[in-house]
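Trainee: Protein sequence lines, in the order shown, are assigned to chains L and R. Going by our numbering, the letters in the first sequence line up with residues 1 to 109, in that order. Going by our numbering, the letters in the second sequence line up with residues 1 to 111, in that order.
Incorrect hints may appear among the rest.
[Unchecked claim] From the structure, some residues in chain L lie toward chain R, with a derived Cβ separation under 7 Å:
#1 Ser45
#2 Ser82
#3 Ile86
#4 Phe99
[As the list claims (entries may be wrong)] Cross-link-like lysine to aspartate or glutamate pairs, in silico, EDC-like; alpha carbons within 20 Å at most:
#5 Lys96(L) - Glu52(R)
#6 Lys40(R) - Glu3(L)
#7 Lys96(L) - Asp98(R)
#8 Lys18(R) - Asp85(R)
#9 Lys41(R) - Glu58(R)
Honestly, the hints are just simulated from the structure, not real lab data. Cβ coordinates follow ideal geometry from the N, Cα and C atoms, glycine included.
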Amino acid sequence: KNEVEQSPQNLTAQEGEFITINCSYSVGISALHWLQQHPGGGIVSLFMLSSGKKKHGRLIATINIQEKHSSLHITASHPRDSAVYICAVSRGGAQKLVFGQGTRLTINP
Amino acid sequence: DTEVTQTPKHLVMGMTNKKSLKCEQHMGHRAMYWYKQKAKKPPELMFVYSYEKLSINESVPSRFSPECPNSSLLNLHLHALQPEDSALYLCASSKDTDTQYFGPGTRLTVL
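Only chain L is shown next, with the shape it has when bound in the complex (with noise of 0.2 Å):
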């Protein structure tokens, strides 16, 4: 079992629609980051959370320290963002990260 695991896998959903993706993980943690990658590559930090919520316009993260999990949310999602996105967790401090599998994201016209 892997220390990050995130739901779905793979997620297809109409413009407009509201969005949630999970990610559960297995240890103790100092932070959770919620990731974004578009075809081609490039990585953006979407957020970096240690306890609470955090929104940055329409994306909403929520973490549940005691439960281990986190959730990102997407309100009036847009073809756009369409993309991967990615958790990932640091412990202790440290600055190595442990990913999980991505979540691949689509959102249609």
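Use these hints to put chain R onto chain L, whose structure you have.
Mentor: Just chain R now, kept in the frame of chain L:
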């Protein structure tokens, strides 16, 4: 400047070639990283430099040789690679254990 740059964008090399990948950042970050990413997989950490010293080597084969000449620059020297080393090589930087900023990557093909 919040950008990490990588050159070249694409590289094709034979198994006997020697080549280098270059990564640069001017954000004052003191931690720099090399990752390898195969298709449809998450990135795999290769090396971490912290304050220009190698702090993590994830048991990477010696045909990959990292170098950090100064706090803004990170190189990855490649020699005698195998076809299975073909992948996207990503560089990242951070202020110590903070958010990592990734470059666009170098897509490497080994023939």
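Trainee: State for each hint whether it applies.
Mentor: To see whether the hints hold, each was checked on the structure:
| no. | hint | in the structure |
| --- | --- | --- |
| 1 | Ser45 | 5 Å, holds |
| 2 | Ser82 | 15 Å, violated |
| 3 | Ile86 | 6 Å, holds |
| 4 | Phe99 | 4 Å, holds |
| 5 | Lys96(L) - Glu52(R) | 16 Å, holds |
| 6 | Lys40(R) - Glu3(L) | 18 Å, holds |
| 7 | Lys96(L) - Asp98(R) | 11 Å, holds |
| 8 | Lys18(R) - Asp85(R) | 14 Å, holds |
| 9 | Lys41(R) - Glu58(R) | 17 Å, holds |
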